[in-house]
Amino acid sequence: MTTSANPSSATGTSDAAARAGKASASLPAFSPTGRANLLDVTGAWLLGLLWLLPLLYGVWSAIHPSAYATRFVLDAPLTLENFVHAWQAAPFGRYLINTFVLVTVILVAQIVLATLAAYAFARFTFRGREVAFMIVLVQLMVMPDVLIVENYRTIAWLGLRDTILGIALPYFASAFGIFLLRQAFKTVPRELDDAARVEGANAWQVLWRVYVPLARPVYVAYALVSISHHWNNFLWPLIVTNSVETRPLTVGLQVFAATDQGIDWSLITAATLMTAAPLFIAFLLFQRQFVQSFMRAGIR
Amino acid sequence: MNRSSASWVPWLLLLPALVLLVAFTHYPAAATLWHSVFSTARAGASSVYVGPENYQALADDPVFWQALRNNLLFALVTVPVAIVLSIVMALWVHRQVPGRALLRLAYFTPAILPMIAVANIWLFFYTPQYGLIAQISQAFGWGDHNWLGQPGTALPALMVVTIWKEAGFFMIFYLAALQQISPTLAEAAALEGASRWQFFRRVQWPLLMPTTVFVVINAVINAFRLVDHVVVMTRGGPDNATQLLLYYIYQVAFSFWDTSYAAALTVVLLTLLAIVAFVKFRLLDSRTHYQ
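Residue numbers (the working numbering), protein chains in the order written: chain A, 1 to 300; chain B, 1001 to 1291.
Hints listed in this document are in silico derivations from the structure and should not be mistaken for laboratory results. All the given hints hold, so there is nothing to weed out.
If you want the footprint, here are the derived chain A segments under chain B, 3+ residues with CB under 8 Å:
hint: 1; stretch: 117–125
hint: 2; stretch: 140–151
To give a feel for the contact side, a few chain B residues facing chain A, derived at Cβ under 7 Å:
hint: 3; residue: Pro1028
hint: 4; residue: Ile1116
hint: 5; residue: Ala1277
Positions of the beta carbon are idealized from the N, C-alpha and C atoms, including for glycine.
Excised from the complex, chain A in its bound form (with noise of 0.2 Å):
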């Protein structure tokens, strides 16, 4: 692969200057993998500081105190306080464990009822699979989000309203999760399912012992973006919650800045930070898995 000629030269004359010193003349500088001149330099990390830019003004008023929430000094003095004061005025640790819960109750579920339906699309042929399998499909299409009229009614219906399990029982059967995992457990080699049958194990053992740990990088990619959705879920959890003791984090934090609030902007980045925080220092400290999870949720 040709790289740029001089690592040092980072203007396009000077590399076009240094390509034509090269022995190879006619080998034009050029790799798309290659070391960036320094218009791309420059435009990266200009939209890089763009991009991070409300995260950055998000923790300079929250440690900040308020009168400096909107002046960008730079001896402005630093203060925890607001943080101190938002969890105060309202019940984020309540809102984080409703969160916890309420993740938690949604992945477990998805987990169970995708790995059935998964199996069963993948190892059995039956009549009536491609008329299941495109029931699973729609739901890629019409995702409960869109359907909150007719899903409320039920929730309240089941005497549901006001309680996490409310909130999450839409979302349990995924047909995300299921395509996902269907097309995991079809890579899996007949043999090993065979010779496992051939050891007397029957198709729940098998699913068990053979499929699920094979699939084991899946669960892991589901796992992350299944919890990252519904840690930022918004709409649905506004619509059934009406008390402290149901609300996410989410709908807390709107709450909140809604009508608590004003805008003391030192409180409401604090609280806003406060909301994000668990979920984005997850997602530094797992970045590469995190990211692999979109890629592999997103390729298949």
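We have chain A already, so just place chain B on it with the hints.
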């Protein structure tokens, strides 16, 4: 081996998922159609069959038309811009840019932050007089502008937030696709004396096509279901300038409690999603050419 199992085994495995899928996707979709031809039950008046009345009301409702227009415009602007940006980002971090890991992180960060949370920060950016944009523009002597308070700029302001939110997310898919393109193609192109633009136009772009199809479909669906920032930043205002279909459904159903009318609105939204689904399957058929 499996073929010899009793035929009820797979159905048993599917049962829990199918029941819930039908209960929260298919049944509500059908019930939406059904309820859209009835009136909303009110105190003293129970729900009665009204035929196309809700749809006639829809046709005469300027807010509905505005929401539909806004939503189509919203998709038409945010989807291409986010995709172009995401490709540019991916091409950049595919190269050896200094601080590449940090840069990838910067681009991807918005995708992992809750929209509801970052919308609060953007709200501050747009605030007149002391918001960040106002401060910058005043420093340059450009005066002040109420970005979210003016009908002309409120929707574009929301579009910017959506593009910011989605571009880095799509970048991940493009980056993955770029990394799968064989380096020998670049070598061949370099030998032929192709410029970077020619290489992108003739080699990378066609090979990225399946990714683009996937990203476009997702982006369009998102354009019709992302409303978190509308709730935080404008609540559909000013003067319905930022009214989007899903937000209008939410308002009609849960603020005005007119569930039948909301059902008719939902039917429109479902129709749009069905069109996307149809296009998707057509495109996925032709996609095989690239593989």
